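Asker: As they're listed, the protein sequences go chains Y and A.
Using our numbering, the first residue of the first sequence is number 8, and each one after it goes up by one.
Using our numbering, the first residue of the second sequence is number 30, and each one after it goes up by one.
It is worth saying that the hints were derived from the structure and are not from the lab.
Fair warning: there could be bad hints in the mix.
Listed next, the in silico DSS-like pairs over lysine-lysine satisfying Cα-Cα at most 25 Å (straight line) [what the hints assert, rightly or not]:
| # | chain 1 | residue 1 | chain 2 | residue 2 |
| --- | --- | --- | --- | --- |
| 1 | Y | K94 | A | K165 |
| 2 | A | K167 | A | K151 |
| 3 | A | K167 | A | K31 |
| 4 | A | K151 | Y | K94 |
| 5 | Y | K94 | A | K167 |
| 6 | A | K93 | A | K151 |
| 7 | A | K155 | A | K165 |
| 8 | A | K151 | A | K31 |
| 9 | Y | K94 | Y | K106 |
Predicted model only: the values in this text are computed from it and were never measured.
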Amino acid sequence: MPVKTDVTGEVVTAYLSGELDHHTAREMREAIDAAVDRNMPTLLILDFRDVSFMDSSGIGLVMGRYRNLQRTGAALHVVNTPPQIYKVMQLAGLNRLAKLEKGGVRIETD
Amino acid sequence: MKPINRFALTLPSHSANEAFARAAVAAFLTQLDPTVEEIGDIKTAVSEAVTNCIVHAYPDTIGKIYITVDLHADRTVTVRIRDAGCGIADVAQAMEPLYTTAGGERAGLGFAVMQSFMDGVKVRSKLGRGTTVTLKKKLSLRVASHAGTR
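Between the sequences and the hints, there should be enough to build the whole structure, so can you do that?
Answerer: Written out as structure tokens, the structure is:
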């Protein structure tokens, strides 16, 4: 499974793994959306620690989830992004959209 | 400039081949001993170009994607990704960041990624004939880090 989800209270954490491209994005997206629809979190955390590659399809995935969450006012955090992935996200300006962090510490709710 | 080595690959435009295409290019490059970041940059740019072929050039059919990689003595890498698909009506518009014809789950950043991660990006397209994307990157000079290692 390319996505494992964990629910703690009102927080859903999705652990993505493998390579995130146009081919794999759909399955990941569907798994994340299913967990969000089931649990209606106030915060969704996308954890990229086990993602070995990402192209702009990953930007589409993050922006798409962000748009969905805006409807319920839930927050989105993107954490543990490896260097190659961080570079793509930075280029896309995702740091202005989602809370993006380089290190290994998970961000708590605002 | 004549390349010192060349690799050519033809693939059908199945999305499952995106990972193979960028991995194959990366594997061929290793003879120039690029940095991890350079490999990541080139893999990402190749992934964007190949995805464009699959999503845009051949939207409703499976066509061929032609990839060639040229390595030059001055450590310049040239990757050409060509399709014989529908072509792009307005290349300048297609290259604009955030412009996409593919809907909400596509960011429209493919060309922006290519331009940012490579030293040069050239796009030639003819409607109904196909598109060629040429990506260029000059790899950094590496000190002989292997010298003295066992």
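Asker: Next, verify each hint and record whether it holds.
Answerer: A quick look at each hint next to the structure:
Taking the CA atoms of Y/K94 and A/K165, the gap is near 19 Å; set against the 25 Å cutoff, the hint holds. A distance of roughly 15 Å separates the Cα atoms of A/K167 and A/K151; the hinted pair therefore holds under the 25 Å criterion. Among the hinted pairs, A/K167 with A/K31 is consistent with the structure: their alpha-carbon atoms are about 15 Å apart, no more than 25 Å. The suggested pairing of A/K151 with Y/K94 holds, with an alpha-carbon distance near 22 Å, which does not exceed 25 Å.
Taking the CA atoms of Y/K94 and A/K167, the gap is about 19 Å. The hint holds against a cut of 25 Å. With a CA separation close to 20 Å, the supplied pair A/K93 and A/K151 stays within the 25 Å bound. This hinted pair checks out: A/K155 and A/K165 have alpha carbons roughly 21 Å apart, not beyond 25 Å. About 19 Å separates the Cα atoms of A/K151 and A/K31, which keeps this hinted pair within 25 Å; it holds.
Between Y/K94 and Y/K106, the direct Cα distance comes to roughly 15 Å. Compliance with the 25 Å bound is thereby established for this hinted pair.
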